[in-house]
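Chain by chain, the residues:
Number of protein chains: 2
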Amino acid sequence: MVVINRAALLLVANVVAVVCRRHDATPYLDTTLSPAERATDLLGRMTWEEKVGQLGGVRRAFGTAGGKPTFNRTTYETTRTTQNGQIGYGPQLNWANDLLPLMNNLRAEHLNDSRLGIPYIIVADSVNGLWVSGGTLFPGTISMASSWNLPLYEQVAAAMRDENLAMGVHWVLSPEVDVIQDPRNGRNGEMYGEDSYLVGEFATRYIKTMQERDENGWVKVATTIKHFVFGGGSGGVNRASMFGGINHILNDLAPPYRKAIEEARPLSLMASYSSVDGVPLSINRHLLQDVLRGTLGFEGLIMSDANAIEYLFTESKVASSREDAAVKALAAGLEHELHPGGRGLFSDLRDPKYEAEPDVVSLVDESVRAFLEIKFATGMFERPLPSVESMKATLRNERHLELNRNITRESLVMLKNDGLLPLDRDEIGAGGGRGKIAVLGPYADIINAGNYAPADPLDRRYGNSIRLSFEKELGVDSIIYAQGTSTILPSYVGDGSADEQAIAEAVEAAKAAGLAVIVLGSGFGNFDQKFINNERTDTEGYAHADLGFPGRQQQLLDAVLDAGVPTVLVMNAGQVFVLDNSTMSRCRAIFHVWLAGEYTGDALVETLLGDINPSGKLTVTMPQHNGAFPVAYDLLPSDGVGGFGSALAYDWHWPQLTRKPPLAFGFGLSYTTFSMSDAEVSLRKRQNHKVVSVSVTLTNAGNIVGKEVVQLYYRPRYTTIEFPVMKLIRFAKVELTPGDSKRVALEVPVRELGYFVDGQWNIDHGEYSFWVGSSSREEDLTLLNVTIPSFG
Amino acid sequence: MVVINRAALLLVANVVAVVCRRHDATPYLDTTLSPAERATDLLGRMTWEEKVGQLGGVRRAFGTAGGKPTFNRTTYETTRTTQNGQIGYGPQLNWANDLLPLMNNLRAEHLNDSRLGIPYIIVADSVNGLWVSGGTLFPGTISMASSWNLPLYEQVAAAMRDENLAMGVHWVLSPEVDVIQDPRNGRNGEMYGEDSYLVGEFATRYIKTMQERDENGWVKVATTIKHFVFGGGSGGVNRASMFGGINHILNDLAPPYRKAIEEARPLSLMASYSSVDGVPLSINRHLLQDVLRGTLGFEGLIMSDANAIEYLFTESKVASSREDAAVKALAAGLEHELHPGGRGLFSDLRDPKYEAEPDVVSLVDESVRAFLEIKFATGMFERPLPSVESMKATLRNERHLELNRNITRESLVMLKNDGLLPLDRDEIGAGGGRGKIAVLGPYADIINAGNYAPADPLDRRYGNSIRLSFEKELGVDSIIYAQGTSTILPSYVGDGSADEQAIAEAVEAAKAAGLAVIVLGSGFGNFDQKFINNERTDTEGYAHADLGFPGRQQQLLDAVLDAGVPTVLVMNAGQVFVLDNSTMSRCRAIFHVWLAGEYTGDALVETLLGDINPSGKLTVTMPQHNGAFPVAYDLLPSDGVGGFGSALAYDWHWPQLTRKPPLAFGFGLSYTTFSMSDAEVSLRKRQNHKVVSVSVTLTNAGNIVGKEVVQLYYRPRYTTIEFPVMKLIRFAKVELTPGDSKRVALEVPVRELGYFVDGQWNIDHGEYSFWVGSSSREEDLTLLNVTIPSFG
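Heads up: the sequence lines are chains W and U, in that order. With UniProt numbering, letter number 673 in the first sequence gets 673, and the count goes up by one each step, no holes. With UniProt numbering, letter number 745 in the second sequence gets 745, and the count goes up by one each step, no holes.
These are computed hints drawn from the structure, not numbers from a lab. Among the hints, a few may not be true.
If several chains are the same, the list does not tell them apart, and a pair holds so long as it fits within one copy or across any two.
Stated by the list, open to error - Taking lysine to aspartate or glutamate pairs in the EDC-like style, the calculated list, with each CA pair at most 20 Å apart, reads: (1) K220 / E49; (2) K328 / D764; (3) K328 / D758; (4) K733 / E154; (5) K208 / E299; (6) K733 / E680; (7) K328 / E747; (8) K416 / E767; (9) K416 / E402; (10) K472 / D365; (11) K208 / D348.
Given only the sequences and the hints, what does the whole structure look like? Please build it.
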């Protein structure tokens, strides 16, 4: 245990004492009482200013300089005087080793200063794992979802949780369950995918795992399900407006919330930045109260997104002052404010005039009570501070690194392979082969893990680049590296003259090697100021109208392809790209590795060499053309029909464009061949409810071990309102050795087959279609019909 | 009067008699009674089958072969047995001269056959005017709106009305008041523009003019306001789903309906194809009853779009059979079915079982009553059949042609002119000049007036192409024409080899002439089968993901520009195009002539030569990049903010893209220079209400006469829900001679400044911003602030 000063010493003594005894004469210190009882008691003892203080926090306690944390005492004290509920670590390129002692110090000091002994709770995002440097750098959310491996994801979530715990983080601002609706949104890489069922499955496991209770009965890490409710704003812009419609909200966007609330009870929820039908979520009483509290049954804390309350006044202009914004947000149901820098808006409620307003008092009381419950539930009043020793033993331990390797291996998605892969070691490089590999492109020698990854893409401490993994595996002499374009942050407006030479060098490298692996992508870096600029692409704050590769990357690819060199294209980004016909046909193999974390390079090289058989599947459809969206496999029936030409001519006028392009949701290739046979559907009774049972025999008909994802989709033949042409309802990832078969059975309670109509759950009876197969593409599916009679 | 057979003779005799006497013992024949009273009486006399028959009609009475109408007696009789409320002319490339006698014959025969003497009413679209060949070919809707000249548009609408009357058309399926929301929608050329106020102004004048009463008190032509409610379906696809949200519906899409219903009372309304929030409009009781009948107060007939009821079963699958679809549509409030070919779905209601269902009977009765009211109101029971003599004297009379020339001249929008224009006659061709003009491009020698234009683009009988107008004006020897690409319907997939030669020829022509006018566009032809194919672009049934010029037109343009020849780019289409930086900077002048009808060529040539000073303004914003949409000047405040880079970097990540691109709503250039000065705003009392009065002095500071559009925009500073950054609220087109000034005053009642919040009209009090100027661009506007106090 780290002891920094007298205050901390006192704290530690107190805490240990509390943990040992159970009853206390002061109810809020009595650990035998429930969090709700303790919160109610404590609330009754608090002054108005103490209450308002709990509505916000000090999210960025530290700064950074020269790779080390800095601390500004004046700023800190100014902030915590008025907002002191939670605290955050701040800049993510600071290192855990440096931060923990400093944070322990601040926490102890603050507790000592607190009249009633109310501790901070540390809050942090947790996307790729720990939100400061020094933890295991897991893949981004869309990468992990591409594994379609829920049990493995649970283990990864446990590792992420334990690394947070080791840093004293007991509240994460994750998971992000926004359903991808617009390929232009720069945050899609933070999301699981385009399907609400798949998102709900992953998110629920994340929440359950994070919120697991320890031996004291304390929730390990409280989670925040977010952003209620979002999927893509106007133009693909993060904070832009969204359309409304209660059926759309409940059926397209809310299912992950519904599932998570019912099955995993996330302790908090973050309202989205967007306005829905003109009403920003921060003041959207209808969606926060009627829908979220009412229809969806959420009982936890509702918090704001960063600065969202301020934006009511400064951006959407639905409040005429900071104070007006605070009062409106409180009245709508926001209970806690996330305000990264400076004075939060809820702080204005300290004005004594508000203590005289019963409505405001009641809302503040309820907000503080809900927040204190989280602190009691997570044991913040009793837990000892984390020790540096425990932190060192936890972060990046062997088990975590192994889990990271495993999920990265399963998250790479192979989209094309004409037989070029796997590469034969004996034909290349150090193993005695004669050839070399040209490793090309601006994303070949960096770590591109997303803007919630606490990693500098150019800093080798965060993992191997693809180039380095190749060099380690095959020897430096077997690899010819060329960046191919002049900048990592490609400029759209530049005349590209500097690139001409770089492209020419890349082509020469490809010709000399005889084989090219070209890594293209988008996005670079995280929230650190050094990565923020006008050339940035993808990631939060940057929507992209153009779905091609930014800058001159396509020209680089075309030049290599024009040279006739066998080429493997690797995409490394949180977004989908438009692959033109020439790219699709001329690249010999294509991968999307998304934002795969520190083992991107290792896992890709293992896969290209055949040591690992790829098993990732797309969780989002790749559009065929700029502007040719939305594309998602679960479009509505009327979205894919019409027109006066042939059926093919419709959708968008270019004949080869379709609403269901070939690189579709659920699609991904393997080195082995799977077949499915003897698909059956039946209606069965299980306890008190009916289930649809679908089974199919999966066979590995190829020569190597591999994993396949058996996917089950459905739709009622006729519906009350429009229903997607098909919806995913179950999936299972199955490993089979060559020649082996397995009967895979998937069961779905009939009650799950419904959908909301004007806020009421509706289940259609009659004919249903079920499809089972290896992707959402018609050619990969077997259709099964079943009639579901009314049980009324 | 045309008399074809005995039946018609009888009819004519009867009709004349009816017109002369006023009272009749049979109430429904008594012209002194109101249409409602007569309809009620007639309804009471009708059998169930007669009633159901009125729910549909024979929309395509004729076919076409060799340019002449054909008639299939069997098909006709089969149809009219079960659906006989209205009749349509059918194929629009048949000619009025041929059609009128045939139609008169059918009408007379049908009336003679009718037990109760219930006549047909002829229904037709009326976009470019008459919906068969032989009338004046006016510009498409977006062209006429680009004139911003409401008084002139009223005169055009009167001419269109009179040509319809001359053909016996007393019910038009226009105006289309859909507010343009998505640049990919192939029907945008049928719409007025992106602004709901402007759409409402034009539409209301169309309706008032069409529905003017004649000397007998009869409505001349009943109108159909459509499509309730639409603006752009998913992906820009016409029949695809739309999002919901009552604020969006009422504030963004419904204003033209609200204005038209209050001020012009259109007699019918067409429900849109789309589903809104999952519920197709054809069964959307909430929108048709609560919103349309309730909030918006519509009292006329609600009809289906073509085949829309069938699509409930075959496409959106919210009905399990044709009959189910018919019953659901009827129950939701559809009262009349548009079913172009074959047996309509409402015909299934003939089954006697429905006569035993009081709910169905009541709905059918109300539907028939509403429809008969239109027939009585338009005088269908009394009017004589139109004579061929009158038709010949009306169609294409001098006044109509002059109006057409005038509105075409005002509808051309000049987007760039670096001083090249106007061209000096003395420098070109036949006038004694030495130079020539190369007239280039696949749209230079056709008439491209939209798919509701009854015109074959290649048939010279429908007007001059741009090439022909040039040749007539300057002499054949002054013009070098080259098509430049091999097809009118450019192929996206073709390798373009055939075009290489054509492009080279065009470049040679440009070089030889020394000046190029290059005409690019999209769309070709109308609903005639010969124009329906997979290569078609734009127009109904064809959305376009790509907003560039279809086919190899951009390559043609680039090749001409590369050759260094001074070039005028002319766009001829119903859509916006993305003009890349190179096009914008290298073209010396740019026009969008939209779908300007038979005088496209004449008006353009007059304008290029300076005989006419252009005065058109965009009614829809031109996006800057594929995928860089929505773009409209009236975006919501939160749609244009955010991001971590500079403000410029936001929206979409390419630095030069913005939500408010320079070729914006309201923008258009003139050959003269207008200035506005001394702008003032004040709050005044007018009778019983307060008005905001804005005045500004407009001065023609240039050397030639010209017209400028004074535009007034506003927004409350703070609003209850999100409100656009600015909204158009008044405009006036003003003509000034050089050096002249005029004080232009625009008044807006305060009650008009509100918007709907959850279905309630809301007016914010407090600070307001008004902007007056020549376009929606900030640099063209003067800001005026005014405070509107609460009058409560």
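Going through the hints against the structure:
no.: 1; hint: K220 / E49; result: neither (29 Å within a copy, 73 Å between copies)
no.: 2; hint: K328 / D764; result: between (40 Å within a copy, 16 Å between copies)
no.: 3; hint: K328 / D758; result: between (27 Å within a copy, 17 Å between copies)
no.: 4; hint: K733 / E154; result: within (14 Å within a copy, 67 Å between copies)
no.: 5; hint: K208 / E299; result: within (16 Å within a copy, 55 Å between copies)
no.: 6; hint: K733 / E680; result: within (19 Å within a copy, 70 Å between copies)
no.: 7; hint: K328 / E747; result: neither (46 Å within a copy, 34 Å between copies)
no.: 8; hint: K416 / E767; result: neither (36 Å within a copy, 60 Å between copies)
no.: 9; hint: K416 / E402; result: neither (28 Å within a copy, 62 Å between copies)
no.: 10; hint: K472 / D365; result: neither (59 Å within a copy, 83 Å between copies)
no.: 11; hint: K208 / D348; result: neither (36 Å within a copy, 55 Å between copies)
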